[in-house]
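Last residue of the sequence shown: number 720 in this note's numbering, and the count goes up by one each step with no gaps.
None of these hints come from the bench; they were simulated from the model. As the structure is a prediction and not an experimental result, all values here were calculated from the model. Even glycine gets a Cβ: it sits at the ideal position worked out from N, Cα and C. Hints may be right or wrong, so weigh each one.
Simulated restraints, written as ranges between beta carbons of each label pair [unchecked claim]: (1) 619 - 718: 42 to 52 Å; (2) 516 - 711: 47 to 57 Å; (3) 639 - 380: 49 to 59 Å; (4) 549 - 569: 26 to 36 Å; (5) 327 - 436: 46 to 56 Å; (6) 434 - 682: 52 to 62 Å; (7) 380 - 434: 24 to 34 Å; (8) 242 - 154: 28 to 38 Å; (9) 549 - 434: 52 to 62 Å; (10) 380 - 502: 36 to 46 Å; (11) 92 - 331: 51 to 61 Å.
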Amino acid sequence: MTTQLPHPLSTRLTIRFTPSINKLWQQFLPGAIAALLLMGLLRLGIGQSLENLVYDTLFQLRGAIPWSEEVVVIEIDELSLREMGQFPWERDRYTTLLNWLEPAEPKVVALNVLLSEPDAGDQKLAAAIQRLGCVVLAQSWDDTGATLLPAPLLRAAAAASGHAYQQADLDGLVRQIDLQRQGVPAFSLAAFSVYGGVYPAVPPNVDHSLWINWLGASHRATHYSYRDVVNGQVSPRAFRNKIVLLGVTTGALDSLQTPFDRNSPTSSVYLQATVISNLLQQNALHRPSRGWMVLLLLVGGPGLSFFLTRWRFERRLLAWLVLCLGWVLLGIGLFHLRSWIPIATPLMLFSLTGAVVAVREQARTNALLRQSEERYALAVRGSNEGLWDWNLKTDEVYYSPRWKEMLGLQDDAFSDRLQFWYDRVHPDDLESLKATLTDHLYAQTAHFEHEHRMMHHDGTYHWMLSRGVAVQNRDGTAYRMAGSQTDITKRKRAEAQLWRNAYYDELTGLPNRAFFLDRLRQAIAHAAEHPLYFYAVLLLDLDRFQVVNNSLGNAIGDQLLIAFAHRIKGFLPAEAVLARLPGDEFAILLNNIEDVRDASRMAEQLQQILALPFNLDSQEVYITASTGIAVGSTRYAQPEHLLQDADTALHRAKAAGKNRHQVFEPTMHNRMLAKLKLENDLRRAISLEHRANLDDPEDDRQELLLYYQPIVQLTTGK
3 MTTQLPHPLS TRLTIRFTPS INKLWQQFLP GAIAALLLMG LLRLGIGQSL
53 ENLVYDTLFQ LRGAIPWSEE VVVIEIDELS LREMGQFPWE RDRYTTLLNW
103 LEPAEPKVVA LNVLLSEPDA GDQKLAAAIQ RLGCVVLAQS WDDTGATLLP
153 APLLRAAAAA SGHAYQQADL DGLVRQIDLQ RQGVPAFSLA AFSVYGGVYP
203 AVPPNVDHSL WINWLGASHR ATHYSYRDVV NGQVSPRAFR NKIVLLGVTT
253 GALDSLQTPF DRNSPTSSVY LQATVISNLL QQNALHRPSR GWMVLLLLVG
303 GPGLSFFLTR WRFERRLLAW LVLCLGWVLL GIGLFHLRSW IPIATPLMLF
353 SLTGAVVAVR EQARTNALLR QSEERYALAV RGSNEGLWDW NLKTDEVYYS
403 PRWKEMLGLQ DDAFSDRLQF WYDRVHPDDL ESLKATLTDH LYAQTAHFEH
453 EHRMMHHDGT YHWMLSRGVA VQNRDGTAYR MAGSQTDITK RKRAEAQLWR
503 NAYYDELTGL PNRAFFLDRL RQAIAHAAEH PLYFYAVLLL DLDRFQVVNN
553 SLGNAIGDQL LIAFAHRIKG FLPAEAVLAR LPGDEFAILL NNIEDVRDAS
603 RMAEQLQQIL ALPFNLDSQE VYITASTGIA VGSTRYAQPE HLLQDADTAL
653 HRAKAAGKNR HQVFEPTMHN RMLAKLKLEN DLRRAISLEH RANLDDPEDD
703 RQELLLYYQP IVQLTTGK
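Using the sequences and the hints, build the whole thing.
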């Protein structure tokens with residue numbers, strides 16, 4: 003039995019492409035949802051209503067274009083009705099018009115009135131129709147669907163007939179007509195066909211509706227009143243070789259709205275005149291098929307969302323604006339070329355797609371935000387920090403329970419104002435806190451961070467570290483700021499202890515060598531800038547301290563050092579710096595002295611106060627100190643050099659008998675160097691002499707020569 007393992011490449015492909023397909027589906031999904039939403043809106047008629055509004059706007063943007071000069075309208079207007087009688091008219095009114103038009107030789111006479119009821123004057127009218135040979139009659143259907151045909155005599159005499167059926171949209175505007183309905187051509191198409199018999203033109207496709215390209219306001223078309231025509235007030239030349247349309251133009255009998263006649267409606271005869279002009283000029287509107295809209299829904303929405311989901315909000319907004327503006331401009335441009343593409347529907351698709359993408363991204367962001375907030379809440383609880391959130395518009399501050407707990411306060415003792423925070427800050431830290439906060443609010447710093455003391459409920463001050471960041475609007479003004487607060491009291495105490503350990507002596511509590519050198523460095527720098535500033539260093543060493551330590555014990559020795567430090571510190575002026583150096587040495591920095599005599603006088607006074615005994619553990623201990631003095635001058639650049647010179651003077655004082663002071667002089671360096679050289683020479687000579695005797699006892703070379711060796715009796719001095 004064998005087991006076939008899957009090919010490693012196929013496994014790798016499955017792992018690699020499954021997430022990609024899933025990701026692609028997520029990118030296409032918002033567009034698909036937007037397309038479904040748009041389909042629902044279209045079924046509710048919302049999309050068509052917007053398209054109708056855009057249709058009117060496009061005509062207003064395009065403006066009026068010329069009517070066909072081949073079309074002339076004869077109006078049965080108010081003047082005609084007042085003079086000839088109310089409508090409907092007797093047949094002789096039409097007969098009179100046709101007889102008058104006969105010598106004018108029009109190409110077509112189209113009567114846009116229903117003459118379906120037989121009348122006594124039909125025979126005369128039929129004869130007039132037959133004599134012209136180019137009369138087109140109108141027919142229609144009643145509410146029950148029954149056909150309303152012209153009277154038989156008239157229909158037989160007419161050159162053609164066509165339906166005058168028109169279907170207005172919800173806004174009352176007729177945008178298209180059926181060129182053929184139930185096998186009957188449209189009235190305007192019938193007139194155009196009769197005209198085409200004598201003036202060939204490109205025949206339209208009667209299987210489709212004709213989208214009307216409104217030319218302009220009806221009063222711009224060539225028109226005359228019926229009364230004026232039959233009264234001979236219009237020249238017959240006005241109708242020669244024309245398509246003459248007759249129709250009622252009173253609003254009470256026949257009312258029609260067009261994009262150019264919204265305020266003062268016209269009548270259906272101008273609808274027929276417009277369609278005939280469109281047919282003659284071949285400028286009817288072209289409308290994409292329904293398949294185009296289906297393709298837009300299937301491809302446009304998902305395709306757009308594919309790109310929008312890859313971009314940030316600013317880029318998505320820019321893409322949406324460019325796409326909408328571009329589509330509007332395209333629609334306006336094509337409309338000038340007699341192509342009417344949907345504008346509102348694609349804009350709705352673009353907007354819905356962008357909205358669905360935005361909602362999806364917002365939902366995703368909210369989910370990530372919730373996760374982030376949960377992590378942040380856990381982190382805050384873990385970090386034991388308090389939170390604050392300041393609304394600069396209302397000056398209200400939210401303080402978290404942990405923030406309040408750090409100060410030992412209850413909710414009822416709290417205010418939501420920033421001043422409550424300020425009131426608890428130590429006075430010495432308040433101005434610094436305000437300045438740091440102001441700098442950040444005015445974008446002087448990237449973030450806010452400040453350490454200050456705040457009063458606890460028990461009356462003590464605790465150190466707090468406050469951090470935060472401001473949120474700014476487009477003009478750079480901060481309107482919100484949030485951050486955290488951490489209790490750093492223990493850290494501050496530890497830092498203070500570390501600093502004290504680094505700069506203070508643990509036994510005496512005095513500053514140590516590092517602290518003293520720092521202050522001495524400052525004195526040197528100050529003296530370099532102020533020539534009249536003088537200072538001095540006194541280096542003290544306890545005489546016979548080792549004897550006290552060995553005889554009375556280390557504990558008494560430590561007590562002696564402490565008592566010694568306190569006695570000197572209490573005597574020195576406030577601006578003087580006293581420090582303990584290693585062992586039993588102490589250093590004093592005297593500031594603002596007149597000259598070296600002030601330093602010498604201070605050393606003498608110290609010797610006097612040290613002459614008094616120290617009471618240590620029921621014992622009186624006497625101790626003296628030797629003092630080396632070095633006066634600061636411009637030749638000192640390093641504090642160690644000044645301290646070294648004071649040490650040289652100290653050794654000179656101890657060599658001179660102790661319990662005295664010595665001022666450093668430059669010649670001391672020479673004596674010290676000579677002494678050191680002599681000591682080194684003696685040590686080297688003894689070492690070489692000893693080595694030579696070991697290597698070669700018979701070597702007569704001698705490093706030490708004895709010239710004189712006195713023998714002194716100590717009791718007599720002889």
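Hint check:
{"no.": "1", "hint": "619 - 718: 42 to 52 Å", "result": "holds, 45 Å"}
{"no.": "2", "hint": "516 - 711: 47 to 57 Å", "result": "holds, 51 Å"}
{"no.": "3", "hint": "639 - 380: 49 to 59 Å", "result": "holds, 57 Å"}
{"no.": "4", "hint": "549 - 569: 26 to 36 Å", "result": "violated, 20 Å"}
{"no.": "5", "hint": "327 - 436: 46 to 56 Å", "result": "holds, 49 Å"}
{"no.": "6", "hint": "434 - 682: 52 to 62 Å", "result": "holds, 58 Å"}
{"no.": "7", "hint": "380 - 434: 24 to 34 Å", "result": "holds, 33 Å"}
{"no.": "8", "hint": "242 - 154: 28 to 38 Å", "result": "holds, 31 Å"}
{"no.": "9", "hint": "549 - 434: 52 to 62 Å", "result": "holds, 53 Å"}
{"no.": "10", "hint": "380 - 502: 36 to 46 Å", "result": "holds, 38 Å"}
{"no.": "11", "hint": "92 - 331: 51 to 61 Å", "result": "holds, 56 Å"}
In summary, the one numbered hint that this structure violates is 4.
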